[in-house]
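*Asks:* The task is simple: from the sequences and hints, build the whole structure.
Listed below, chain by chain, are the residues.
There are 2 protein chains.
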Amino acid sequence: MGTKSRTNCFYALFFLLVGFQDSVQGRLLLINKPDPNDPAASARWLVSQNSWGVLNTISSDLGGAPFGNVVSFSDGLPGKGSGIPYFYLTTLDPTAKNALQDQRSSFTISEYPLGTCGKKDPENPSCAKITLTGKLKVLKENSKEAEIAKSALFVKHPEMRGWPKGHNFQFFKLDIEDIFLINWFGGPKPLTVDQYLHYKVIGLVDSL
Amino acid sequence: MGTKSRTNCFYALFFLLVGFQDSVQGRLLLINKPDPNDPAASARWLVSQNSWGVLNTISSDLGGAPFGNVVSFSDGLPGKGSGIPYFYLTTLDPTAKNALQDQRSSFTISEYPLGTCGKKDPENPSCAKITLTGKLKVLKENSKEAEIAKSALFVKHPEMRGWPKGHNFQFFKLDIEDIFLINWFGGPKPLTVDQYLHYKVIGLVDSL
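So the protein lines, in turn, are chains L and Z. Just so you know, we're using the working numbering here: the first sequence kicks off at 1 and counts up by one. Just so you know, we're using the working numbering here: the second sequence kicks off at 1 and counts up by one.
Bear in mind the hints are in silico, worked out from the structure with no lab data behind them. Check before you lean on any hint, since a few could be wrong.
All copies of an identical chain are treated as equivalent in the list; a pair is satisfied when it fits inside any one copy or across any two copies.
[Stated by the list, open to error] Within a straight-line C-alpha distance of at most 27 Å, the following computed DSS-like cross-link-like pairs (lysine-lysine) qualify:
id : residue 1 : residue 2
1  : K33       : K140
2  : K80       : K120
3  : K120      : K33
4  : K150      : K165
5  : K144      : K119
6  : K119      : K33
7  : K119      : K137
8  : K80       : K200
9  : K97       : K135
10 : K97       : K189
11 : K165      : K200
12 : K120      : K165
13 : K137      : K80
14 : K97       : K120
15 : K165      : K189
*Replies:* Below, the structure is given as structure tokens:
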């Protein structure tokens, strides 16, 4: 095999690999998966690495049923996440409408779409998952936190900048009250909201 | 480039591609994405193509909050799905415990992890999402429907066969009462449970 041919094949493999990571996994940074014995690191990693999840509210239209909805989110600029999930929602969608009536909410994320679970089943406890439960709150327009949410979201979801003005999109946050984390066998990991929020995310970054 | 080298490179590219689809996307079949103007086809495609989603219940432990949880599911043997999502859950996990107290539930799936949304944001309405709302019911042990659920789940999730007997896993189904489908601009698509359940899934399959 000539040097040029070998190089061509190498590049084809490389770009195929990188292309797949980009489009399928939607990851912005390459960050090592933390040790499952460190629940705070594990939880913050799941939240910082994912770009979407399922946001749950109570639907009065559907007899008080729990209503899950696929949404994009961001907890901060890449490598500088706060652990607090921010959302950009319109009241044309049931989730924002529900939250304005009843703030009880949860937000659920899986490790599976990141591609780091290998051949494990998505329900295998060593393929991590997290549910943050709390109150879904709309942020006051032009407030400092609305600006933080905007920067966090628009960097990870550049398409949002162009979403229709007339659709009344607003910034929301989840005020976390409880954390359910499974990242290994043996049941949920004990993790307080304080431990989660005060974890230094800088320890997770290896490629900035 | 010699024939052997070219063949080697081809195989490397091929297996990398197939391997990624297997491990990251968890898809069992290659099925074309239906026309968004056919809501029943679109909904059944999303349900048959995905292997996991977020199952939502009401948590009495968390003050009646809606509680989402990542779970695996199956709606049938590949190419023979019924549209009804079946689950294999243990009461060691809050979701099954919640459902046995209050059956109100929803199940949420995104097109995003299938890799067919391209560069679109996961919250872009043309990247499809579905929420099936209804009642989460445990299936009677050894009943005909429990056998159907078992075959459906164990084919798509072979790892489940080996899950610990002592954990009291049981088969559950979602009895669908309402369908929320977004697969394009312009709000949710009108789709009744009847239209959804009676759609002939055979029309979707192009590679069996």
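*Asks:* So, for every hint listed, does it hold in this structure?
*Replies:* Consistency of the hints with the structure:
Taking CA atoms no more than 27 Å apart as the test, K33 paired with K140 passes in neither setting, with 35 Å inside one copy and 40 Å between copies. Taking the shortest Cα distances, K80 and K120 sit within 27 Å of each other only across copies (24 Å), while inside one copy they are farther apart (30 Å). Within a single copy, K120 and K33 get their C-alpha atoms as close as 15 Å, and across copies as close as 26 Å, so both meet the 27 Å cut-off. When the C-alpha separation of K150 and K165 is checked against a cutoff of 27 Å, the pair qualifies only within one copy, where the shortest distance is 14 Å, while the shortest distance between copies is 48 Å.
In this assembly of identical chains, the alpha carbons of K144 and K119 never lie at most 27 Å apart, being 43 Å within a copy and 30 Å across copies at closest. Taking the shortest Cα distances, K119 and K33 sit within 27 Å of each other both inside one copy (16 Å) and across copies (25 Å). Taking CA atoms no more than 27 Å apart as the test, K119 paired with K137 passes in neither setting, with 38 Å inside one copy and 29 Å between copies. In the homo-oligomer, the alpha carbons of K80 and K200 lie at most 27 Å apart inside one protomer (9 Å), although the nearest pairing across protomers, at 48 Å, exceeds that limit.
Taking the closest pair of Cα atoms, K97 and K135 come within 27 Å of each other both inside a single copy (14 Å) and across two copies (23 Å). In this assembly of identical chains, K97 and K189 lie within 27 Å of each other by CA distance solely across copies; the values are 18 Å between and 33 Å within a copy. When the C-alpha separation of K165 and K200 is checked against a cutoff of 27 Å, the pair qualifies neither within a copy, at 36 Å, nor between copies, at 40 Å. In this assembly of identical chains, K120 and K165 lie within 27 Å of each other by CA distance solely across copies; the values are 19 Å between and 42 Å within a copy.
Within a single copy, K137 and K80 get their C-alpha atoms as close as 22 Å, which meets the 27 Å cut-off; across copies the closest is 42 Å, which misses it. For the identical chains of this complex, K97 and K120 are inter-copy neighbours only, at 24 Å across copies versus 37 Å inside a copy, given an alpha-carbon limit of 27 Å. Taking the shortest Cα distances, K165 and K189 sit within 27 Å of each other only across copies (22 Å), while inside one copy they are farther apart (42 Å).
When each numbered hint is compared with the structure, violations occur for hints 1, 5, 7 and 11.
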